[in-house]
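Chains as they are written, first to last, in this note's numbering: chain A, 1 to 449; chain B, 1 to 256.
Read the hints as simulated data drawn from the structure, not as lab findings.
Hints may be right or wrong, so weigh each one.
Stated by the list, open to error - Just so you have them, the derived chain A footprint on chain B, three or more residues with Cβ under 8 Å:
#1 114 to 126
#2 215 to 224
Claimed, not checked - Between beta-carbon pairs, the in silico distance windows are:
#3 Gln147(B) <-> Ala341(A): 47 to 53 Å
#4 Gln95(B) <-> Ala379(A): 54 to 60 Å
#5 Cys260(A) <-> Ala195(B): 55 to 61 Å
#6 Ala138(B) <-> Leu433(A): 29 to 35 Å
#7 Ser126(B) <-> Cys260(A): 38 to 44 Å
As the list claims (entries may be wrong) - Partial list, computed: chain A residues near chain B (C-beta under 10 Å):
#8 Gln350
#9 Glu352
#10 Gly354
#11 Thr356
#12 Leu357
#13 Gly358
#14 Ser360
#15 Gln363
#16 Leu367
#17 Val368
#18 Leu374
#19 Arg375
#20 Ala379
#21 Arg444
#22 Ser447
For clarity, every value in this text was computed on a predicted model and none was experimentally measured.
Using N, Cα and C, we set each Cβ at its ideal position, and we do this for glycine too.
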Amino acid sequence: MEADPANPSRVRGFDVEIARMIGRALDRKPVFVQVAWSSIEASVERGDFSIGMSGVEDRPELRERHAVTIPYFEFREVLAVRRADSVRYRTLRDLAGRPVATLGGTGAYQMLLGTQGRGAPIAVSYDDDVHPYSDLVAGRVDAVLLDNIIADRSLRRTGGFYIQPVPVATGHYVGVLAHADTALRDSVNVILRARMRDGSLEKTFRAWHVWDDSQARYFSRVLADTSARSTVSTAQNVKSIGAYLPALIRAGAITLLLSCLAMALAVAVGIAVAAGRVYGPTLVRAPLAVYVELIRGTPVLLQLFVLYYGLSSVVRLPAFLAAVLGLGLNYAAYESEIYRAALQAIPGSQLEAGRTLGLSEAQILRLVRGPQALRLALAPMTNDFVALLKDSSLVSVITVVELTKQTAIYATNIGSWVVPGLLCAAIYLAMSLPLSRLARRLERRWSAA
Amino acid sequence: MERSVTQALDVRNVHASRGSVEVLRGVTIDVAPGEVCALMGTSGAGKTTMLRAIAALGPFDSGSITVDGFALAPGPVPPESRLRVLRRSVGMVFQAQSLFEHLTVMDNVTLALVHALGWTRERAESEALALLTTLGVAHRAGAYPRQLSGGEAQRVAIARALAPDPTLLLLDEPTSALDPARRNSLGEVLRTLAAEGHALLISTHDVDFAEAFADRVAVLAKGVVVEEGSPREVLSESTHADTRALLRSPGAEPPA
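Isolated chain A (complex conformation) (with noise of 0.2 Å):
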């Protein structure tokens, strides 16, 4: 695929066509998520999206790390020469010695760099697919190796070269999902061969010039192949809370993890804002108070976003990290005016018996006006804590798979969100019941203190 011209925020080419086919037919709308060629694979195993289907090749390492589709597409290799090379150059044997460009990370690449050796050509990698053939007409390389549609659209955009007819191998694009994802794997395989029967990806393929012959065999011999499959019953959607149950609790624990380490953040840093603001001088005091506000005054979503996206130039964050940092400072915010109120709340003649008897202003905040502050402060501090359990399930948009996200996998790869959404409740109420119940506790032994 590729953005398209007219209008870059939008993606075009029969990758996405067939995806939005895909969403269709499991009654979803496809959200398209930009990543690196070469980090799809990567980023589907984190979970930056379901499925990942952009000349994504087949091979065997593919199919051990990840759930991988049925192929929907059959490319082939090709060799592209100058045309006066058109004769001397037909197959890479041909090519013994020479330069041979090709994209970096792809089985084409892969290929040359299998032939390497005495008589084998030259294999020069790029990170994109328009400079090989850009050199190669300028001379730099005697050769492309990649797939016939790359190259067919080469051929318009720049021309000026040759394509050899027969194929030095044959490929096949596919979809490639996490790896436990298989149940959506399933799904979207009855979805391809539907498409593939009733015709529907012949048509997007022939919209986008890429249908031939060798196409029309591929779907015939996928067609022919007919290993069932059974749609999923109650019955099965009961027992995979079996398969799923320990990744929801996983998902939990890192949902945990992450709250109480952003909480943790957000209680540091909320006391020292807070201590700021209250003791103080104006300069330190006008900047804290900038810094509530502007939290407070935009959505932790934006910040999320800017914290792990807008910051990748200047400093890369861990997803996690990126995750416990935008909720921590965040919710530091708010913790900073709890207890900058609960400060405020402690009497002036508490603070005076303290200078009396002789305390510096430190010990005072540690011993008498903190400690206090702190007991007023504990009932809105509960409520935000469970408030944050929650909101971290915000942190997927940027990657984080957290008890929610998990919620969503599971109940996208059975079709269903009743088993899953009850355990995902549950799960939560099990983490934030006995917190609002410590808290209670704590307020009691000290009210009747």
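Based on these hints, arrange chain B on the given structure of chain A.
Only chain B this time, still in chain A's reference frame:
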């Protein structure tokens, strides 16, 4: 307990304002070690302003305040770091006690010993227990302030103020929340403290209490000390208009 022969408190011609109102207009008082001095006056006479200035909790504009040899300069209250010596010499018992609500009685009393004086917890607790025993509230050591009666809270507040062994103890309206029986028992405690060598300055408008337990009475009116002397001289024989007004004020009964 050995005390220096100099005055524990020496206040000379102190002026202080609150906002644009001059509350103190040249107050002069002194208190010797072992002496109980009652600073009397109607509400708004400036008693609390005077006590707060001595305790370096509020500013004064001019004049001098010297506590146990430490001179407080007129002007804004200096930072705590420059008040270390004064803090050791002056203890204060607030009208509303202001006990630390989150700490037990024991921890209220040991707080200053452990954190301001750096005592070990054992030493601080044994000292605190001795004080609480003297004041008759040792059995409440584990209680929290809100569980105490008014009289118990008063005694704990005194124990807390006394723990660092200040030369001068200031008490702001200590009898306001006490019934007559407890008032007498408080008075006896204060006499014991004076006998141990502490100087006590007590702000009060309780004529009975002052007459029964003070060595000396100073009447504060319109920002100055209008009359000073023994309780008998001042409270029974005074012809001063301000003192008569004090004696007529609500809650004050003329002594027989």
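Tested hints:
no., hint, result
1, 114 to 126, "holds (count 3)"
2, 215 to 224, "violated (count 0)"
3, Gln147(B) <-> Ala341(A): 47 to 53 Å, "violated, 27 Å"
4, Gln95(B) <-> Ala379(A): 54 to 60 Å, "violated, 31 Å"
5, Cys260(A) <-> Ala195(B): 55 to 61 Å, "holds, 58 Å"
6, Ala138(B) <-> Leu433(A): 29 to 35 Å, "violated, 43 Å"
7, Ser126(B) <-> Cys260(A): 38 to 44 Å, "holds, 41 Å"
8, Gln350, "holds, 6 Å"
9, Glu352, "holds, 5 Å"
10, Gly354, "holds, 8 Å"
11, Thr356, "holds, 4 Å"
12, Leu357, "holds, 4 Å"
13, Gly358, "holds, 4 Å"
14, Ser360, "holds, 6 Å"
15, Gln363, "holds, 5 Å"
16, Leu367, "holds, 6 Å"
17, Val368, "holds, 6 Å"
18, Leu374, "holds, 9 Å"
19, Arg375, "holds, 7 Å"
20, Ala379, "violated, 16 Å"
21, Arg444, "violated, 14 Å"
22, Ser447, "holds, 9 Å"
Going through the hint list in order, the structure does not satisfy hints 2, 3, 4, 6, 20, 21.
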